[in-house]
Structure formats: structure tokens, C-alpha cells
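Residue numbers (the working numbering), protein chains in the order written: chain A, 1 to 334; chain B, 1 to 334.
Treat the hints loosely; a few may be bogus.
Identical copies carry no separate label here, and so any pair may be met within one copy or between two of them.
Below 25 Å or equal to it, Euclidean Cα-Cα: the simulated SDA-like pairs (lysine to any residue) are [what the hints assert, rightly or not]: (1) K204 to M289; (2) K151 to G225; (3) K151 to L254; (4) K204 to V287; (5) K313 to G206; (6) K151 to E290.
Because the hints were derived from the structure by calculation, they are not lab data.
All values derive from a computational prediction rather than experimental measurement.
Number of protein chains: 2
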Amino acid sequence: MPILSLDEARSLAESVFIKCGASADNARITGAALIDAEADGQKGHGLSRIPSYAAQLKTGKVNGAAIPSVIVRFSSAFRIDADSGFAYPAIDLAIRELTPLAREHGVATAAIFRSHHFGQAGAHVERLAEKGLLAFIFGNSPKGIAFWGGKNPMMGTNPIAFAAPVEDGPPVVIDLALSVAARGKIIAAQKNNETIPEGWALDKDGNPTTDPVAALEGSMAPMGGAKGSALALMVEILAAALSGGQFGFEASSLFTGDGPPPALGHSLLVIDPGKLSGGAYFERMGVLMEAIAAEEGARLPGVSRLANREKSKKEGLSVSVPLYKEILSLTGAN
Amino acid sequence: MPILSLDEARSLAESVFIKCGASADNARITGAALIDAEADGQKGHGLSRIPSYAAQLKTGKVNGAAIPSVIVRFSSAFRIDADSGFAYPAIDLAIRELTPLAREHGVATAAIFRSHHFGQAGAHVERLAEKGLLAFIFGNSPKGIAFWGGKNPMMGTNPIAFAAPVEDGPPVVIDLALSVAARGKIIAAQKNNETIPEGWALDKDGNPTTDPVAALEGSMAPMGGAKGSALALMVEILAAALSGGQFGFEASSLFTGDGPPPALGHSLLVIDPGKLSGGAYFERMGVLMEAIAAEEGARLPGVSRLANREKSKKEGLSVSVPLYKEILSLTGAN
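Can you build the whole structure from these sequences, using the hints too?
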């Protein structure tokens, strides 16, 4: 399998997006986000997205020339119009603006609309935690999970990510989708003619199924049953209603070039914990980290991500031959 | 069974707490919160708590004369010292202060420490949503759930509640603990010599168990497995580290009069969605409510709570004879 250094992979992604009509800034920021996700082991948000992002640039479903802008502003909250572009430049703008506001006011929030797939959710809040800030991000996605008691997919798998700074170590990063399993795993099972584990999905009549075809015609099971479904509803409200974005049941695919822009939303919430806790926060986090380290077998969420990142820096990224060829062809290089 | 009107029940709770040393304000606010929870069908946070709250007042584990105060203040964030009193007066203060701040700044947050059992979490955020605000509350509780991969209970069952205003109806209220089941149900099974369903709890070696005795020596299963455990960790950070409060593994019981104050923490986050969304929020929520209503079988979280509330207003609260006698004896009335 071809091996790419992180720099090579970033350049490749960037050149595909420029070739397909993205501005230099949008291509660079978006390419870097995908490669960072791939490096962290989040392959569903990595290199595999390049062809579908390219297809959406080509048809104009994603506006490659988008310039995200702050359009409603309060002293510690603002709304961003992502201009039907990729999500990452809008999130970059949000993070830049939120950082000084959270430090000044103790808390700050941003709601982003007319946006798109935001990739590895944890990476966004990790950046804020590296500045000493607690942060949440919520994002909705095209319909996959039913309203509780219903049968049709209506809500996204709706990731929640949260990061908390620690004095002498990397931030704690929590990043989870609200479905039991990723839809990509069901699609893979279908391609390979395999069954899926019970508990992953429901058929179109709302019954549990192990058949990937029936699962894809039905809905994704929310993690934790009714509780996970309630959290998915919470994320629809925080991501779409709060920003004026589209709900999961309104959004077009994040994979194909056809249809209108998905116009999804995200929101970020950022708190300056050192200030708010009267200085207690970092001592408290130290006690928590020690307690986890002292428990046999216990592990922090997200640590495999850091191990993958180190490995990818040293060894580069291995890419399947078909995907590599497809990406190369999109640069016009062959 | 004795039937009490809501007013009678509130007076009774209030008089018990005054008799046991609470200030008039603390007795009134705390009594009302417990009766409201009972009326909503949340019996675990209702009348059954009166004797244990009384025991904690008598020993001084809860400071009946507590005066919660804002001790760190930024323009849209503040920290409250609950003064080792009941949680409700501190949360009342937080809600009073948060409301104008969220309207002015777009977002506001409060972190509360040296606090106690905060009862029906959804009721607190519902009050904010009735003012047109989106709100979260997070609270930690004494240890019940293990760190992921560990065996000992270390984190609380750590409720998350969220409420969102709707233009022409009651707010959407989401209120969930992060354990699969409430500990009270396991205690009830133990008392009745019954087994518990698989999936509720783990024994002290971390294996699933249906034996309530083994469950109480072990830990509560987090809803959704690793994802629920990660959310419980998030709540420990938001409730305890952010406020300078105590973690689940440090806190004393919320039921017995012995030991030091539990000194738990809570945090609230409040957003003015009408403003932030540029006016889109209420239209968007209307679309979401219509979509849920149109799905056969689908239901909003928390609707049974409102039905219970109406029923309790009309029919009063039925109390078991032993509990009623115990409460009466605490007022010194018999």
C-alpha cells in the first residue's frame, strides 16, 4: 500500500480541492482537517472523504469560495454563516473569536449555520482545551436515528465532543456519536455480505435486525435506547434550531454531489475554567487524573487517538491502492 | 393511603425542615422542590427524601442556615458557594442571576460548589426555558459508575438535564441519569429478594450480574457502555472540577446523617436562542415539533412528567402510611 507522510497527504488533499474549485484557504484548512483525522485513526473522517468532498465542490453543492462570516454578535455569543462552504473554515473562525471572549466573559458561544460535515468533532474542542478552555461542540448530521417510539430515521447520529484542559498533560477529549455504531460499518457489512451485531440497527418496522440491507432501509439504534435518542434530539436543537440550520430530516447527503447544500448547523460552548473555579480547576483535574491512573484497567477516553497520531507522524499514512489512484486522478496528475 | 394536596405536602415538608433547624427560606424552597418532583412522578426525588434530608439537618451535615452567595463574578459567568446547604436555594440564586446575563450577553454560566442533592434536574432547566432560554444543568453524585475499564464505583450517576423553549407549548425537557437504571431500583429488588435485569449493574469484578447484593457491592452500568461512561466523566468535570466541588469518589452519602457534607457541584449553562439564531429559533422549533407529531408512535421526552403534574394538582399525592407517619413524627405533631 502507498505510504504518504502527513505533509504529502495534506498537499494532495489541498491540490484536489483547489483543482475542484476551492479557494486556497478553504482547500488548505479542509485538507489539513481530513488528514489530521486520518492520522488520529478516524478513517471515516479522513482520506476516504476526499473524493466525496471533491464531487460536492464540482457540482457546487459545497461552495468552494465560501467566506464564513459573523452575522449576529452579542458580547459573548455570535452566529456564523458558513456560506454553504466546508465546515472547517467556519469552525476556525469560531475558535479564533471564541477564545478571547471566553477569557473576558467567562463563557462564550457560537452557532454556525449553512454548514457541512464537521469531521472529527473532538479535534475542534481539543484546540480550545489546549488554550486552557473547557469546550463543547455539537453538530447534527443527515437522518439516521428515529425519534423515540417512531420508525423512520429523522435525526442525525449527532456527535457531541467535549474537551477539558489538564495542567501537566494532554486535554481530556470525549467525542461520541449518539448511534450505537457508525453507519459506515453497516455499509461495509452490506458490501461484504456479512451480518451486523444485534443492537446496531432497526428495520423499517422498528424491529432489531442483523441484516445490513434491512438496517439501511430502517434506522440506526441510538446508544442507550431512549436516553441516547433524547440526547440526539438535544443535539438537533443545539446544532440546528439554535443556529437556524437544517434538521437531520431536512439535510441532503454529505457524500454525494447531487441535491441542495445540506445546510447543517453546529454550536460551540467555551468556558474559562481556571477563572470560574476561583483557581480550583487545575488542582481538581489533577486529583481526577490521579484517581483514574490508580484504577486498574481504567482508561481515559480518546487515548488511542493520541497513540495513532504519534504513529502517523513517524510512519506516515497508508492508503489503499484504489483510493490513492482515485485521489491522484482528482488532482489531474494522471 | 393518605392523600395530601400539593399545598398540604409543601407545608408538611417545610415544617419538618424548620423543626430540624432550616431557615424559613431554605425550608420553603427545599420543601417545594421535593413536592414538585413528587407531583411530576419523580418519587426518588420527592417525599421519600424528607426523612433523610431531616436526618442531615439534625446532624449538621446539611447547614440549614446556609446562605448561598456569588463569590467569583465575570461579566457572564459566576461561581456560587452553596454554604453546605441544600442545593435548591443555591440553584434558585443561580437562575435569578443567569436570566438577565444570558439575555444581555447571549450566554451565561454558573458553577456551584459545597452543594448537595439537586433532585429533579429537569425542573431547574424547565424554569429557564419558560423564560425563553435554552439551558443545561449538570450535577455529580456519590460514586456509582466505574471509570471505563475499571471495576470500582468512582463516578456518580451524574444527571444531565436540558430544556428548550417552544413558542406554543411547554418546553422540551430532557433529563437523564447516566446509569442504565436508578440505584433505588436495585435497592428495592434487594429488599424484595428479586433479581435485577441483566445490563443494570456489574459485580465487584466487573462482570454483569442479576443479583442485587452483588450489584450493590459492585458498580452501576453506564447507559450505552463506554459512551455513557465518557459522558459521566464529562459531568464529573463540569460539575465538580469547574466549580471546585468534590468528585463522586470523594463525596459522602446523600441519604444518611453521618459524615462530612457531600460538597458536590453543579453547573448551569444558559443561552438566549431567539437572539443568537437571528430570530430563526422559534420557527425551527415549530418545524421540529411538527415533525415529531407527524411520526406515528414518536413521543417527546418528559411528557409523562406533565401528565403526572396535572393529575397531582387535581388528585393530590398519595403517601404510604409508614412514610406519612415518619414525616408527621418529624414535625413533632404526634
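Here's how the hints hold up against the structure:
For the homomeric pair K204 and M289, the shortest alpha-carbon distance between copies (22 Å) is at most 25 Å, but the shortest distance inside one copy (44 Å) is not. When the C-alpha separation of K151 and G225 is checked against a cutoff of 25 Å, the pair qualifies both within a copy, at 13 Å, and between copies, at 24 Å. In this assembly of identical chains, the alpha carbons of K151 and L254 lie at most 25 Å apart only when taken from the same copy (22 Å versus 40 Å across copies). In this homomeric assembly, K204 and V287 come within 25 Å of each other (Cα to Cα) only across copies, at 23 Å, whereas the closest approach inside a single copy is 48 Å.
Taking CA atoms no more than 25 Å apart as the test, K313 paired with G206 passes in neither setting, with 44 Å inside one copy and 36 Å between copies. Taking the shortest Cα distances, K151 and E290 sit within 25 Å of each other only across copies (16 Å), while inside one copy they are farther apart (45 Å).
Violated hints amount to a single one, hint 5; each of the other numbered hints is respected by the structure.
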